[in-house]
Amino acid sequence: MRDVAAPIVEIQNVTKAYGKLKAVDDVSLAIPRNAFFALLGPSGCGKTTLLRMLGGFEHTSTGRILIDGEDMAGIQPNRRPVNMVFQSYAVFPHMTVADNIAYGLKVTGVKRAAIASRVEEAIAMVRLDGMAARKPDQLSGGQRQRVALARALVKRPKLLLLDEPLSALDKKLREEMQLELVRLQTEVGITFIIVTHDQEEALGMASEIAVMKEGRILQIAPPRELYEHPTRRFVAEFIGASNSFPCEVLAIDGQNARVRSPLLGELTVERSAPDVTSGTLIIRPEKVRMDFSTPEPTPGEALIRGTIDQIAYFGDLSIVYLTAEDGSRLQCSRYNVSRIAAPDPRPGTACTLGIHPEDLLLVGD
Amino acid sequence: MESWRAQPAVFWAFVLPGALWLLLFFLVPLGLIWILAFGERVGPVQIDITWTMANYLAVFDPVYVGLFWRSVWVATIATCIALVMGLPVALAVSFAPDRVKPILLLLVILPFWTNILIRTYAMIAVLRTRGFVNFGLEYLWLLGKAFLLPFGLDEVVMGERFEPLTLLYNNTAVIFGIVYVYLPFMVLPLYATLDRLDRSLLEASLDLGAGQIRTFFSIIVPLAKPGIISGIILVFIPALGTFLISDLLGGTDSLLIGNVIERQFKAANHWPLGSAMSFVLLYITFAILALRAWLTSREEARARA
Amino acid sequence: MLGRSPVGPLEYTRRLWLRLWLLAVFVFLYAPIVILVVFSFNDSRRNIVWQGFTTDYYVRAAENASLIEAFGNSLIIAFVSTILSTIIGALLALGLWRFRFPGRAALDGAAALPIVIPEICMGVALLVFFNRVGFPTGMPWPLNLAPIVIGHVAFSFPFVAVVVRARMIGFDRSLEEASKDLGASEWQTFWNVTVPYMKPGLIAGGLLAMTLSLDDFVITFFTSGPGTLTFPVQVYSMVRFGATPEVNAASTVLIVVTVLLTVIAVRWQRPDKEVAKLG
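Chains as they are written, first to last, in this note's numbering: chain A, 1 to 365; chain B, 1001 to 1305; chain C, 2001 to 2279.
The hints are simulated quantities; they were obtained by calculation from the structure and are not laboratory data. Backbone N, C-alpha and C define an ideal beta-carbon position, used for all residues, glycine too. Among the hints, a few may not be true.
Stated by the list, open to error - Just so you have them, the derived chain C footprint on chain B, three or more residues with Cβ under 8 Å:
| id | stretch |
| --- | --- |
| 1 | 1010-1023 |
| 2 | 1029-1035 |
| 3 | 1116-1126 |
| 4 | 1217-1228 |
Stated by the list, open to error - Quick list of the computed label-pair ranges, beta carbon to beta carbon:
| id | chain 1 | residue 1 | chain 2 | residue 2 | range |
| --- | --- | --- | --- | --- | --- |
| 5 | B | Thr1252 | A | Asp137 | 48 to 58 Å |
| 6 | B | Glu1299 | A | Glu121 | 29 to 39 Å |
| 7 | C | Gly2242 | B | Leu1137 | 43 to 53 Å |
| 8 | B | Leu1291 | C | Phe2079 | 32 to 42 Å |
| 9 | B | Pro1222 | C | Phe2053 | 50 to 60 Å |
All chains should be built: construct the whole structure from the sequences, respecting the hints.
Shown next, in the form of structure tokens:
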């Protein structure tokens, strides 16, 4: 029995180079057992390459990949204890749903009787009862994805890889499948690694998220920490929206820093990481207080005067875009908590913004 | 699509030239030989249409039936060889890196730009008794002999003199020639289907534990079936009707139906019989095409079921 | 560095056995042609063993008046038939693509026939046709080539139609609607929107028609009248008398001319790469 606390996947200094271009650049990463792990980043950041290296479809240029303690170098995809749900689902068009799900068992020599019962189980698990005899072209996109999931899970892999699994679905179905994937993951207890460029998807499903940019990992953290404690400006801006203020660091004091910002004055703020000694101040739009009456600062609060440029109304919330007195652009979101509240102000209205220093964070550039 | 009535002038301008050309220079000529097949020769050039079945009955003479039979099996063997040779080539081309792909594709197509007669003629120098295949074999024979000389086995195993193989003027030469001339016809449709094949299907198969060979037979072959069928038809039908290849490379015992048809229209001057033979050949062709149509419709019906 | 990285699961082209297979097939396809070309320079009447380099046989082929005439005729036939097939085929493709009309399926099916039926059937049918309808024979040059051109067009234009139609499948009809919406007439729309989109298909189709014409033997053999000299038929009668370096020389010239023509055609297509990408 292997150590349960040992990570299921260890990626050690992995680089993938295509000529001069490094798709994955010296990435090291450990994924704990039973995690729902997301690789998040803009397109071309190397997340899919990393996933395909786990599946055995790409070779590492340098570095090692260990799955459950075993080095995967030179092991063909069909010999790896991992299975993949492809972005296009890759459901075999010439086979029925049941044949698709049975395929992976059949080719690895599982007994006929065992196949039948396991396929039935898998069909029930992904809620495709009654569809066993259908061909893929008679299924909807969501159903095809369920086939791809069942086909991979029926093999009881140590690792399930999902390559942008929800990108081809419409919004409603995507939300439904998000819940479904989380349910499945808890049910089967297999580590899921999902690649996505959609931050909401990652935040909503994953237990841990790695944010990638240009082949490197910028931060690995659980969703909440990633949102409230981004270490880099890129992470802060890629995940959710944020307002940023240039600043000058005057002194460093343990976790905190004394900074001076042209707009906010001199304040003490938290540093996002021990190595951050300079950078930018950020604050999330929903943490900015907006006021139209005479400014009355609460203790410690910094005040900014601005003018409203534009308002985007989304139903549950409205996003207000403003220009501050020094010309910088800010945004601030307001939840429409009451049905009978006063309507949003009109563009051109002057207002005051209140910012609490504890909501600000000093992030590295 | 819009109704032709919406713009009759444009419609006629588009369709008329092609339709007329097809009618006048394809359908009418075919109709003529269809009628001629029911004719009787009464003079050197005089043929009376008496609606006799004698010509079709003559085709069922054992000699001609044997010829048809030989044409069918020569074409079948050649098609099988072309398929086995062509499938790996198509696979290699469609999976080649983007920068190599056009070059490989060009290499497959390039022989098309050489007249079929020249290509067939080129085969003669390769296959004849004093041709390059035999030169190569003789070289190997000499090597083998030199190798066995120290053991004193050279005369026993290799014989005293090199006996060149008779490669030309027989059925083998005809089959060889057909494969040589029509191989690109096999590779191109195979390439077209394989190139459109979703790569992730193959990756999925490997990912699910199937080996390369298993993946080839359970995923690639079934999904490439339309291309395989097209390739088979594109090689088989011209092979069935070839007369040039068997004329130049075949011997007296490897006449194919195409040679006999040609003879009826040129040397033997028996047009009604030649017409009947042509139509039997056409009916076989139609039967093959109908078979394909039936196969695909059955496939579609099964997909819908 | 790329060459030494391990072979990926789908990198079939990098597998050794497949490379050897490719090599063997290409040797099979090219060795006979290369040998033919090399031996056109062989200084030997019997032309079996290499005797020494000479260009004598090119000179002899060039002095062979009927061979030269046949060569010229074949090029003219290919040229005229390419132009006619491209126009007729493209128009038919557009008609079938755009319009709904009674008999559409029948026309579609009939147009596919010349592609699939054995060439010899079409050859003898055309032979009988020109003979029976009393097509004037013994006409002055170049009118005596008309039956051959007619035959070549008849089997080439359906290929052009297939290629052009395949191209048109990807065409977005709303482009035409947009053009008309912006005030262009039917004719302007056709010329400024439809034709540019169709162009790669036209060029590919035209190239195919030219290749088919230059490659053809059977139809030419059956449609050329007794006095008409064409290259394949001329070479055929020479081959029947025996393989001589002169035949090799003439063949080499035809190969070179065909390849040159095709290369020029492909080059000419180049500037349209962008259009192809847009499509």
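Each hint tested on the structure:
Look at the stretch 1010-1023 of chain B against chain C: 10 of its residues bring a Cβ nearer than 8 Å to a Cβ of that chain, three or more, so the hint holds. Requiring three or more residues with a Cβ within less than 8 Å of a Cβ of chain C, the coverage given for the stretch 1029-1035 of chain B holds, as 4 such residues are present. Requiring three or more residues with a Cβ within less than 8 Å of a Cβ of chain C, the coverage given for the stretch 1116-1126 of chain B holds, as 10 such residues are present. Coverage of the stretch 1217-1228 of chain B by chain C is violated [criterion: at least 3 residues with CB-CB distance below 8 Å; count 0].
Here the CB-CB span from Thr1252(B) to Asp137(A) is close to 55 Å, well matched to the stated 48 to 58 Å. Between Glu1299(B) and Glu121(A) the beta carbon distance is about 31 Å. The supplied range of 29 to 39 Å therefore holds. Between Gly2242(C) and Leu1137(B) the Cβ separation comes to about 24 Å, which falls outside the hinted range of 43 to 53 Å. Between Leu1291(B) and Phe2079(C) the CB atoms are about 39 Å apart, so this pair conforms to the stated range of 32 to 42 Å.
At about 54 Å, the CB distance of Pro1222(B) to Phe2053(C) agrees with the hint of 50 to 60 Å.
The earlier numbered hints that this structure contradicts are 4 and 7.
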